[in-house]
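Protein chains: 2
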Amino acid sequence: MSPQVPRIVIVGAGAVGAFYGAILQRAGARVEVVLRSDADLVRERGFVIDSPLGDLSYRPAAVHHSDDAAVPGADVVVCCVKVLPEVDRAALIAPWLGPASSIALIENGLDIEPAVADALPDHPLVSALAFIAVSRSAPGEIEHRAYGHLTLGAWPHGVSAEARSLAELFETGGVDVKCSDSIVRERWAKSLWNTPFNPISVLADGTDTVTLLDTPGGEALARAAMTEVMAVAAADGHPLPANAVDRNIEATRRMPAYRNSMALDYRAGRALEIEAILGNVVARAEALGVAVPRLHTLRTLIAMRAREAAVR
Amino acid sequence: MSPQVPRIVIVGAGAVGAFYGAILQRAGARVEVVLRSDADLVRERGFVIDSPLGDLSYRPAAVHHSDDAAVPGADVVVCCVKVLPEVDRAALIAPWLGPASSIALIENGLDIEPAVADALPDHPLVSALAFIAVSRSAPGEIEHRAYGHLTLGAWPHGVSAEARSLAELFETGGVDVKCSDSIVRERWAKSLWNTPFNPISVLADGTDTVTLLDTPGGEALARAAMTEVMAVAAADGHPLPANAVDRNIEATRRMPAYRNSMALDYRAGRALEIEAILGNVVARAEALGVAVPRLHTLRTLIAMRAREAAVR
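Respectively, the protein sequence lines represent chains A and B.
All letters in the first sequence, in the order written, are residues 1 to 312 by my numbering.
All letters in the second sequence, in the order written, are residues 1 to 312 by my numbering.
These are computed hints drawn from the structure, not numbers from a lab.
Each residue gets a CB set at the ideal place from its N, CA and C atoms; glycine is no exception.
Be aware that a few hints might be false.
[Unchecked claim] Examples of chain A residues toward chain B, derived with CB under 8 Å:
# : residue
1 : R299
2 : A303
3 : E308
4 : V311
Produce the entire structure from the sequences given, and follow the hints as far as they go.
If you want it as structure tokens, here you go:
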């Protein structure tokens, strides 16, 4: 990032976007946010962010409503919108770009980059995973409960100058960043947990990790579904450590009962990132000829629920 | 059945029990019913049964509340209660038995006989499957929509004198009966559909057959789960015809959208016969060393939902 004060536009400033906007502004960047809801309120009062890092409340340098005319030429457009089939993220990002803009995605899931990279091929792409517990407690108010570190890299691989600059900015703002030369491998590693646990918790009516693991057959199902993810990752050229399943289960067992973000979305009636978290893994498995009977079953049951809700 | 007018006690006269009680009374039997709810109402007004077979409304020869003192010595005790782990069916049947009584089970599921046969080994046991669409529309009122035929045999196999007599009585009363020398094979054949479709419909929020099959991946899931049932049945010594999956799917496609009984129970908040329909098949698969990843996934998800509902 060449400019002294980089101009960063955060598209989709929900809880995650608002939080990392605070970090970037703390690091000295000019942070603008694009909001669909709460724009007037945030323009007036800024974001109120309660965090173990201290009071991260801030007023962005500019608050845009997503229907406003865009101001192109950001140094970085950071996209934090949910990855949903009905949301064209490239179309949300494009108006803010200039010829020298780079794009960063702070989003969950696997294979979430091509939809943006294919539509906007002339801009360096940084792909990031957020490890954070954060939620919107009220309009304009964010509750940051724990964690916050990022893993990022250039997509599809390598550590670009853009990735390194952005990492430095986040670290200056106060969060740990791991630069990875294989962000795809990192996404597989995170999928190992998310891909089984998120949809299982939804199908179990938004259950928590303890209920999930303690139901007879529950841990066995979680382990077997994780093993399916491992097989797809390996076939995709990203073998995970042999003890990855054990380590994830042990770590989950050490945590108190925990409802993952998809379970919370389900309970709140919000859209679920099923394709990003699960559907893309199943599609990759089918393309690679890897049998994933449990993941396929989960995928299909969630699709049936959505269809049933639509016709009901 | 030796007596001129056999005395038949129907334990659990819900929709199915009330319907077959009507058939047996039409055939000339003395029909007594044991009810948990609606006993006073049925004692006063009898059962009102709307049926394509005509008006099947009837007053049983006696209406007992399940808390009343039992009158032992029935010629046949016909048990139509749901098969649930928390319901001791043998304890419900036993008080009505005499030394010469036989027992008939008109109930869904697989491996549902041992709990009764082991507790009451001195009584000939007839096991029956009902193919019927019938439901309780109001207290004491039953709506018989379609079908009604029975498949029955002695348990564990053969066609006993008791099975034949009961079959004749049902046929005299107006329903078709198939006497089978292998009721276990018949149960496997019925499980082929019920074991996948019932829990899938529940996990898809009580969806119907058309939504289930038309969801992308839905028919594939149904077929794959049915193929797992086929494999367990074959390992259990009851291979089903090679085209059984195709024929079941085609028959389901020919029907209008249909919510199965477990989907209806789920929607009404009633207990689900999960163990009888699915859990016992999974247990049999485990005992025989047959891999059933989809059935196991369905089984575990339903158990998680129940646990989540219990702690919620």
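Are there hints from earlier that the structure breaks, and if so, what are their numbers? none
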